[in-house]
Amino acid sequence: MDAQLRKGLLEYCVLTALSFEDSYGYQIIKDVSEYIDISESTLYPILRRLESDDKVNSYNTEYNNRIRKYYSITPKGREALAAFQEDKEKLIKVLEFIGGGDIHG
Amino acid sequence: MDKREFLKKLEKALKKLVPEERARYISYYDEIIMDLVDGGMTEQEACAKQGDMSGIVADIMSQVEPEKVEKQKPLDVILLVIALLIGVACIVVLIALPDVITFAMMDGDGPTSVFVAGKVVEPVWLYILTAIVLVSTIIAFVVRGKGKFAITIGIVLLVCVITFIVVRIDDNRNNVEDTTTECANVYASSEVEKKTTEVIKLLSHNDYQTLRDEYAIDEMKEFLNDEYMLEAKNMINEDWGELCSIGSVYSAEMAQDNVLYTVVQVNATYDNVSIAFTITFDDELKLAGIYFR
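Top to bottom, those sequences are chains A and B. Here the first sequence is numbered in the working numbering, starting from 1 and rising by one per residue. Here the second sequence is numbered in the working numbering, starting from 1001 and rising by one per residue.
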């Protein structure tokens, strides 16, 4: 997938994963990578950005004698996700338009 | 590559990030790798899964917010360069300047007196330079934070400065104390000149009695007699002839065992010879040594 497009979608993928339950890095990657390419090095900047935008909160828990950082979606994050749902109609139209293009010339 | 190596490499590769941000990435990867290990991978496999380090860094840097990237601060670089230059200058000066002047006034056939004297003039500007080095190093420390480079330079400079100060203090201890140095100026050079002239005249007239009684310190007295002095004079020439003229008097202050000596260098011309005198006076302007050639 196009890098720019993927970048935009990844944020919503992560928010979606967190909208089900609080999660941590490794688990988010597992959940999201079923649908879209995501690597460890791309996830963390996204989490950081979501956190600084107040769409996501984080907290530390102890697991197996080590710290594991959990992320949870905030109301603001849910709002963003809801707003994206509203855009879905438009997005699908755009996709249909692109799909209907004369690719073979 | 195990986890420790991987994280170390990552830390190095993320140098451009501000320390807190860098620490966050490191604990993030620490967690991810541990999770992969818990999922059944070895540390090596988990690290290998992260892919090429340059790819990881490129990914991170392309996503990271600009304010999380550490700006190169020109100020600290300039300060460090200044500190370095001054530090080097201090060391060069320290090495170039003769710290201890060995002043031997020993001759097998003449009256003897041996001096090892320190430099009396205090290079105040060197202290000022040292202070500047210290201050700029400290500022560089504060501005730059935990940079290893800064710490290294700082330590090197500090060691230089401390060595320098220790050397100076040690020097001072062998040397005259400041107050004594000031006292030395009590004897104006004209007085030294007068004394010198008198001593040379008495010496020329072989009037050792007067030299002994009125001019010399106790240690000198045993040498100031016909037997010693004539032998010494004859070593140069059997007959010096009459004293014709006394040249310019050059004096310097030297110290030994906390006593300040004035060392005078003067040439005198006789009918048959020209003699270079080195005459030493103690802090009471008593004759403490004569050497001639």
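Hints in this document: simulated from the structure, not taken from any laboratory. Source: prediction; values computed, not measured. The C-beta atom is built at its ideal place from N, Cα and C for all residues, glycine as well. A couple of the hints might just be wrong.
[As the list claims (entries may be wrong)] Simulated coverage check for chain A against chain B, where a stretch passes if three residues somewhere in it have a Cβ under 8 angstroms from a Cβ of chain B: (1) 43–51; (2) 72–83; (3) 93–101.
[As the list claims (entries may be wrong)] Quick list of in silico lysine-lysine cross-link-like pairs, BS3-like style, CA-CA up to 30 angstroms: (4) A/K30 - B/K1195; (5) B/K1009 - A/K30; (6) B/K1009 - A/K7; (7) A/K76 - A/K90; (8) B/K1049 - B/K1003; (9) B/K1015 - A/K30; (10) A/K69 - B/K1194; (11) A/K69 - B/K1015; (12) B/K1003 - B/K1015; (13) B/K1201 - A/K30; (14) B/K1201 - B/K1233; (15) B/K1233 - A/K7; (16) A/K69 - A/K7; (17) B/K1068 - A/K76; (18) B/K1195 - A/K69; (19) A/K7 - B/K1194; (20) B/K1068 - B/K1049; (21) B/K1003 - A/K30; (22) B/K1286 - B/K1195; (23) B/K1194 - B/K1233; (24) B/K1003 - A/K69; (25) B/K1201 - A/K7; (26) A/K7 - B/K1286; (27) A/K69 - B/K1016; (28) A/K69 - B/K1233; (29) B/K1068 - B/K1008; (30) A/K93 - B/K1233; (31) B/K1068 - B/K1015; (32) B/K1012 - B/K1049; (33) B/K1016 - A/K7; (34) A/K30 - B/K1286; (35) B/K1008 - A/K30; (36) B/K1195 - A/K7; (37) A/K69 - B/K1068; (38) B/K1016 - B/K1003; (39) A/K69 - B/K1286.
> So which of the earlier hints does this model not fit?
Replying inline: Hints 2, 3, 4, 10, 13, 15, 18, 19, 25, 26, 28, 30, 34, 36, 39 not satisfied by this model.
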